[in-house]
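**Q** Can you join these two chains into the complex? Each is in its own frame, and there are hints to help.
So the protein sequences, as listed, match chains A and B. For what it's worth, numbering that gives the first Met the number 0 labels the leading residue of the first sequence as 0, then goes sequentially. For what it's worth, numbering that gives the first Met the number 0 labels the leading residue of the second sequence as 0, then goes sequentially.
Which residues of chain B face chain A? A few of them, derived with a C-beta cut under 10 Å, are:
(1) H74
(2) T78
(3) L90
(4) T104
(5) A105
I should point out that these hints are in silico values taken from the structure, not numbers from a laboratory. Cβ atoms here follow ideal geometry from the backbone N, Cα and C, with glycine treated the same way.
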Amino acid sequence: MRWAALGALAVLLVLPNFLGSYLLTVFIFIFFYAYLGQAWNLLGGYGGQISLGHAAFVGIGGYTSTYLAMTYKLSPWIGMFVGGAAAACLGAVIGYLGFRFGLRGFYFILLTVAFAEICRLVVSHVEALGGALGLFITFSGDPWQFQFSDNRYYYYIALGLMLAAMGIVALVERSRMGAYLAAIREDEDASEALGVNAFGTKLAAIVLSAFLTGVGGTFYANYLFSLQPNTAFGIPLSVEIILRPIVGGSGTLMGPILGSFILSPLAEVSRAYFAKGGLSGVHLIVYGSLLIAVVLFFPRGAYPYLRGLVRGRRGGA
Amino acid sequence: MLEVRGLSKRFGGLQAVCDLSLSMAEGEVLGLIGPNGAGKTTAFNLISGFLVPDSGEIKFRGRSVVGLRPHQICHLGLTRTFQLVRPFPHLSVLENVKVGALARTASVREAAGKARHVLEEVGLLAKVEVHAGELTLAERKRLELARALATEPVLLLLDEVMAGLTATETERIVELIRAINRRGVAILLIEHVMRAVMSLSGRIIVLNYGERIAEGPPAVIANDARVIEAYLGEEYVGATQG
Ligand SMILES: Nc1ncnc2c1ncn2[C@@H]1O[C@H](COP(=O)(O)OP(=O)(O)O)[C@@H](O)[C@H]1O
Ligand SMILES: [Mg+2]
Numbered sequence: 000m001r002w003a004a005l006g007a008l009a010v011l012l013v014l015p016n017f018l019g020s021y022l023l024t025v026f027i028f029i030f031f032y033a034y035l036g037q038a039w040n041l042l043g044g045y046g047g048q049i050s051l052g053h054a055a056f057v058g059i060g061g062y063t064s065t066y067l068a069m070t071y072k073l074s075p076w077i078g079m080f081v082g083g084a085a086a087a088c089l090g091a092v093i094g095y096l097g098f099r100f101g102l103r104g105f106y107f108i109l110l111t112v113a114f115a116e117i118c119r120l121v122v123s124h125v126e127a128l129g130g131a132l133g134l135f136i137t138f139s140g141d142p143w144q145f146q147f148s149d150n151r152y153y154y155y156i157a158l159g160l161m162l163a164a165m166g167i168v169a170l171v172e173r174s175r176m177g178a179y180l181a182a183i184r185e186d187e188d189a190s191e192a193l194g195v196n197a198f199g200t201k202l203a204a205i206v207l208s209a210f211l212t213g214v215g216g217t218f219y220a221n222y223l224f225s226l227q228p229n230t231a232f233g234i235p236l237s238v239e240i241i242l243r244p245i246v247g248g249s250g251t252l253m254g255p256i257l258g259s260f261i262l263s264p265l266a267e268v269s270r271a272y273f274a275k276g277g278l279s280g281v282h283l284i285v286y287g288s289l290l291i292a293v294v295l296f297f298p299r300g301a302y303p304y305l306r307g308l309v310r311g312r313r314g315g316a
Numbered sequence: 000m001l002e003v004r005g006l007s008k009r010f011g012g013l014q015a016v017c018d019l020s021l022s023m024a025e026g027e028v029l030g031l032i033g034p035n036g037a038g039k040t041t042a043f044n045l046i047s048g049f050l051v052p053d054s055g056e057i058k059f060r061g062r063s064v065v066g067l068r069p070h071q072i073c074h075l076g077l078t079r080t081f082q083l084v085r086p087f088p089h090l091s092v093l094e095n096v097k098v099g100a101l102a103r104t105a106s107v108r109e110a111a112g113k114a115r116h117v118l119e120e121v122g123l124l125a126k127v128e129v130h131a132g133e134l135t136l137a138e139r140k141r142l143e144l145a146r147a148l149a150t151e152p153v154l155l156l157l158d159e160v161m162a163g164l165t166a167t168e169t170e171r172i173v174e175l176i177r178a179i180n181r182r183g184v185a186i187l188l189i190e191h192v193m194r195a196v197m198s199l200s201g202r203i204i205v206l207n208y209g210e211r212i213a214e215g216p217p218a219v220i221a222n223d224a225r226v227i228e229a230y231l232g233e234e235y236v237g238a239t240q241g
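This is chain B alone, in the form it adopts within the complex (with noise of 0.2 Å):
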């Protein structure tokens, strides 16, 4: 469903992605690791359109996104969360989701619906007239899913949605995207919590320095000897002990 041929970005002196190819299945989902200034959110940006790549192509369901603008991007199935989490903070929680619910649907009554319905789902309900910018982290975290879940994507890129998070408190979001995933939502997962992203991604993709290092299952990544020096070595040991 989506399919990136030899992407690349550059910032004034610095190549943040280089000619990266990765493709994904329906219903899949793909993690993305790396160290920190890999290249990660940048390609997520690209993907999404919020940069536009200086070459490659990116093809969303056989049709090319490079050029179309994010809310476009969105209304095609592709929706992404920031990794810093940007609520709408004057708005409640319930406005928050429902904005994300009005890109199915034009009436605001049917919007507050979906809006709710994907709350319970995320374990917000009580919270729905609280001011996002009044959440915790954690809730600030799941506010995000929700409002992503709410425009009804086929494909949703989650970036770092579990940075910050205690263990229980990730363990919630795992299962959440778990339950996601089981309803036929494939996800791009860029995560940092090596557990979660070993346990619930089917295949992993390694960048460092912008390129693509190692692709396949978890248990080939973890013990791939570019991958341990590039990045998991202590990360992962740690995360296995802790």
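Chain A extracted, bound-state conformation (with noise of 0.2 Å):
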């Protein structure tokens, strides 16, 4: 298992080297959007407070440090933890309201939702912001500005920020507060009774979420050189975010992760592929179509079957 871990880096680290300029893109979506779905996963996976919102924190750290650069020439080196931390602190109010109030279930997704929605309306009313046509960044090539000419650069940075988050993760789910959470996810009152402090662990749940989440915000800013608040801030972002761990596996630390490899490269081609058509909105349908299969035949996700599949083989011979 180590080693089958240490290969598969070693070919992501020197993959670049023998992509085109398509396939780099390919996987810098992957890695991205594996990154913020392994954000989402700590919360939505592990705990089970799912969040159909999560767009807001990339939306507030990437215009934050967009902001910030623009204005106060702030390197989004450190703005992205400036970022991060906005978000936190949005993640703590929606998580102070939804968990103090005992929003549950369906409940506790219309408050992300809605907060989502507040955001993307208040941020598109704003002139500093750039309003409802958002912020643009002119490329200057200073690495130093969080802009690189050649895409290799985007590649291993997502590569690095996929690996960070997964790392966070991974301590968490070893740690008393992924015990914690698995238990609130199964039966909250139970775990009260055993001595869980399920809103302090939600509230440090969501606002570790949050400001992963956030941090990403920044590389979204500057990989796509602009910031749209009906885009940064919208629901289908925030379906993005979600679907990658479901497919996968929400709860499991690699569920995001293959659930990326899986949907990123699908996104790409069907966007490309039926735009080309005029059709450009006929990629959701495919992903609708695939999640209802998955919902279908692996309710778990693709990794624990995986894991399943693996471990009945092993055990039969």
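**A** So this is what it looks like as structure tokens:
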């Protein structure tokens, strides 16, 4: 297992030397969405608190660092953590309201959607943030400004983000917090009876999840060179974030990564393919169909299914 | 160690617990009996912090616990089980008990060791890897007990841990509870299996329609006319004959 992981890592490290620019882009998307999915997974997968508003954290993080870079020339390398902190604050507000008032299931989902929509509307009306048109980053090619003329840098940054999130979530999984999140997901009242501070644990999870997602916002802005309120805070992005861990297996370390390796190329290919024919929304139908298939055939996601297959074969041999 | 004064709780028009007072000494076993709907589980929910009383005082080891959250009360050393057992179904038996053990240590490794120890005591060591959802009812009841024990309580509130068990399984649980109590853990026991309550409890309180109608040693309670009328009648006779 360890050797397989090291082997995979070695392959990913040398891969950019063999990839054309299109495939490089696909891999950047795979890593970046795996990163966002892993951040969501901490709260939604491990803790069972489903957020459908995680785009809000991407938007806050991206807008914060981009605004600071444009106005105060603050390097996005520093701004990304400021943006993460801003997103963490928003996460704390959502978590406080949602968890203090005991919102569970659908009601918590609605709360997260509502906050993302509020953010989108507010930012659309703030002139300093570019209003509905958004912010556009002019290319300077300055690495200190998070800009690179060679896409391979973005590849390595996205890979680093994915691995960092994986490491952080792995640490949480093995800690008391991980055991508590699983207990809360299974039965919150029973966990309270056993000494679990469900409110505090969930709050910590949403703050950490929001922070990581917010950090990702800086990558998002600087890789795309622009931020629009409708996309950066929009429900479609929230859906993209949530789909990968669900398809891959939520509440598992490999789930968001496997899910992203399945979905991100599919999204790219179908987007490019259908856009050519003038059917730019059709990739969402492909997505939807895939999601239905996953829910029907692997309700716990692809990774738990594959793991079951491997164990079954080993056990049988 | 536990001092309850004038505890009352109302659900709409229904007075579930009415002016209940009781006190427990360190290490004692107190039985709480009464017909279905008498308010026993509600009393547990009030004492363990899952419900807030309309009025009344609850003191645990000299400190008021009214208004504290269940997890805070657990950390003070008072842990309850649920009448309808609530295992974490998709977690393994070991992981279930580990959650309880983590109340006393932040180290997951230490908690796992402690959990194994407790599972050995309740006789579930062979099942550590099994998902809790796959256990039989008797095993789930013991798991419920093991999880509570792992939090190292000084007072354990057991809500019908024997309901639905066979005579042999009941006998094993009775032995287990006796062993736990021998280590100095006080136990407040809600139970319908009369023979078990009578043999385990030093003292019994009888509830009916939320009110305490009798209190005393098992032999006295078994012969109390009001109790027999309210509740014991057929069941007790049935239990002694069966
Ligand atoms: N959360 C609740 N809301 C409304 N009524 C309740 C609630 N919990 C219990 N009751 C009612 O209070 C009464 C006492 O219930 P309970 O404490 O469960 O009794 P016991 O455990 O002695 O069988 C019953 O009539 C029950 O229906
Ligand atoms: Mg009851």
